[in-house]
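> Here is how the chains run, residue by residue.
Number of protein chains: 2
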Amino acid sequence: MGRESFWTTDPDEHLRVGKGFVLADQPTDAVYGFDGGKRQGAKALAEGAGLVAELQEQLFAAGSVGDRRRVLLVLQAMDTAGKGGIVSHVVGAMNPGGVHYAGFKKPTEVELKHDFLWRVERETPMAGQVGVFDRSHYEDVLIGRVRNLAPADEIERRYDAINDFEKALAGDGTTIVKVMLHLSADEQKERLADRLDRPDKHWKYNPADVDERLLWDDYQAAYQVMIERTSTEYAPWHVVPADRKWYARLAVQHLLIDALERLDLDWPRATYDVEKEKKRLAAS
Amino acid sequence: MGRESFWTTDPDEHLRVGKGFVLADQPTDAVYGFDGGKRQGAKALAEGAGLVAELQEQLFAAGSVGDRRRVLLVLQAMDTAGKGGIVSHVVGAMNPGGVHYAGFKKPTEVELKHDFLWRVERETPMAGQVGVFDRSHYEDVLIGRVRNLAPADEIERRYDAINDFEKALAGDGTTIVKVMLHLSADEQKERLADRLDRPDKHWKYNPADVDERLLWDDYQAAYQVMIERTSTEYAPWHVVPADRKWYARLAVQHLLIDALERLDLDWPRATYDVEKEKKRLAAS
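These protein sequence lines map, in sequence, to chains A and B. Read in order, the letters of the first sequence are residues 5 to 288 in my numbering. Read in order, the letters of the second sequence are residues 5 to 288 in my numbering.
Please note: incorrect hints may appear among the correct ones.
As the list makes no split between identical chains, a pair holds if one copy fits it or if it spans any two.
[To be verified] Cross-link-like lysine to aspartate or glutamate pairs, in silico, DMTMM-like; alpha carbons within 25 Å at most: (1) 23 x 83; (2) 249 x 58; (3) 205 x 71; (4) 249 x 176; (5) 249 x 201; (6) 282 x 191; (7) 109 x 125; (8) 283 x 216; (9) 283 x 194; (10) 282 x 204; (11) 205 x 119.
Everything labelled a hint here was simulated from the structure, so no lab data went into it.
Here chain A stands alone, though its shape is the one from the complex:
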């Protein structure tokens, strides 16, 4: 468990996918490890923000003196599940100078002429950075599978290709934190209705959102296969209950803090002679 003081029990064991995982059995409204409601959740998030910012700065500092390690947060979810809020409220607590954000939309014509991982590889974080994938290569086995955007054998090939890709990233020092925000169909309906009710949210709604919603069960099945096939020791999946936005944010913040803490970071030692530099500076 991380240094945050507000967890009553470590939520990790509930969030991290284990053997025999069945997505359909997972609650979407649980608040594992947290004893409190929305207001306490928001307060806890603000408390954790300082810690995540400090840890990220230490990672950045380490990167500046040759440490090759970095962290990659991968966010996948059904529409309205709260990816945007997590980027804003959790990722947003870190210094933008050390964060590499990449949002993956419908691939362009050029991207489609390359292997599906081509556009993704180019956005992987550098040493010292926290990378954030807002959607990712997993779209290629989610919408790709549900909408038959590639032949079945190509979809099959991708699971192994993803594992090899992530194994290579991990082998070169990337801690991969994969998160699926797990939303109920009812909650999605309410959130889409809210977007339609509020003129300031109309731009967030797209008629295609309902088209996708009609394929809810197919998507859940595709997520199940994805999790089974790509939850590995070096890049496990976490399934975060997302019906309560405040909890999902807190849980993802925790996963990020936990990943950063496991790097056992500290401020790097000077790579120069401090006393000599003090004299040079004084004389300048």
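Fit chain B to the given chain A structure using the hints.
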């Protein structure tokens, strides 16, 4: 003046470079337009953060429905002037999903084999984004000039090339906000000394910082020429007093808010039939 309520007078006229500008005459410790100290400044910054975040989201929303406009914040300064703090505290208030941050360090060998603007063009913001250049193409007429990294006629050529480049960006819908953080040599000395005194800041210090410091006057002269040659109607320079970090942050936040407000943004209207979509959603 922007919608922020805490300015006593509009700081713009003091910050924006006018005809006959002389950098050496500009104070580094002024707090133009703000009646208060550090504590009030921090409070004001937090108040402005909500506004800048909302405006940025409206820009992003506009970009999502075809508006080509974007904003580019260019930050230039001597070491320790506070660029990092501005990225963290001012830029950090916006949603990372709508911000494109680019830090420019010493050019790589490949970058040097291209025109100096090559690596910069690739990092310009897309429609709907706020771009942030942490250092920029101006390094090529600052350290480039002071250290003779290119022949004199090439340095000369660059001022016009920069103006043409920025004119094209502005012509395609980019509001360019150029900021020089103006620090005193004494304040820099204190800040470098602080980095040497604190083990948690040792990584931020580089012996080359003192080498550059010894060329202080040459850099000030290069900034003067840069401002004279590249402060244009479509991309004017702002010189922000930076001896007080809290004020520099507040002033840059204001310049950003002001640029966004001049776009006269609002939430985009729905591009679909709202009532029809409500029915489709209800039936789903």
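> Now look at each hint and say whether the structure bears it out.
So, going through the hints one by one against the coordinates:
no. : hint      : in the structure
1   : 23 x 83   : neither (27 Å within a copy, 52 Å between copies)
2   : 249 x 58  : both (24 Å within a copy, 19 Å between copies)
3   : 205 x 71  : between (43 Å within a copy, 17 Å between copies)
4   : 249 x 176 : neither (33 Å within a copy, 38 Å between copies)
5   : 249 x 201 : within (19 Å within a copy, 43 Å between copies)
6   : 282 x 191 : between (60 Å within a copy, 15 Å between copies)
7   : 109 x 125 : both (15 Å within a copy, 22 Å between copies)
8   : 283 x 216 : between (66 Å within a copy, 16 Å between copies)
9   : 283 x 194 : between (65 Å within a copy, 13 Å between copies)
10  : 282 x 204 : between (55 Å within a copy, 16 Å between copies)
11  : 205 x 119 : neither (35 Å within a copy, 43 Å between copies)
Of the numbered hints listed earlier, those contradicted by the structure are 1, 4 and 11.
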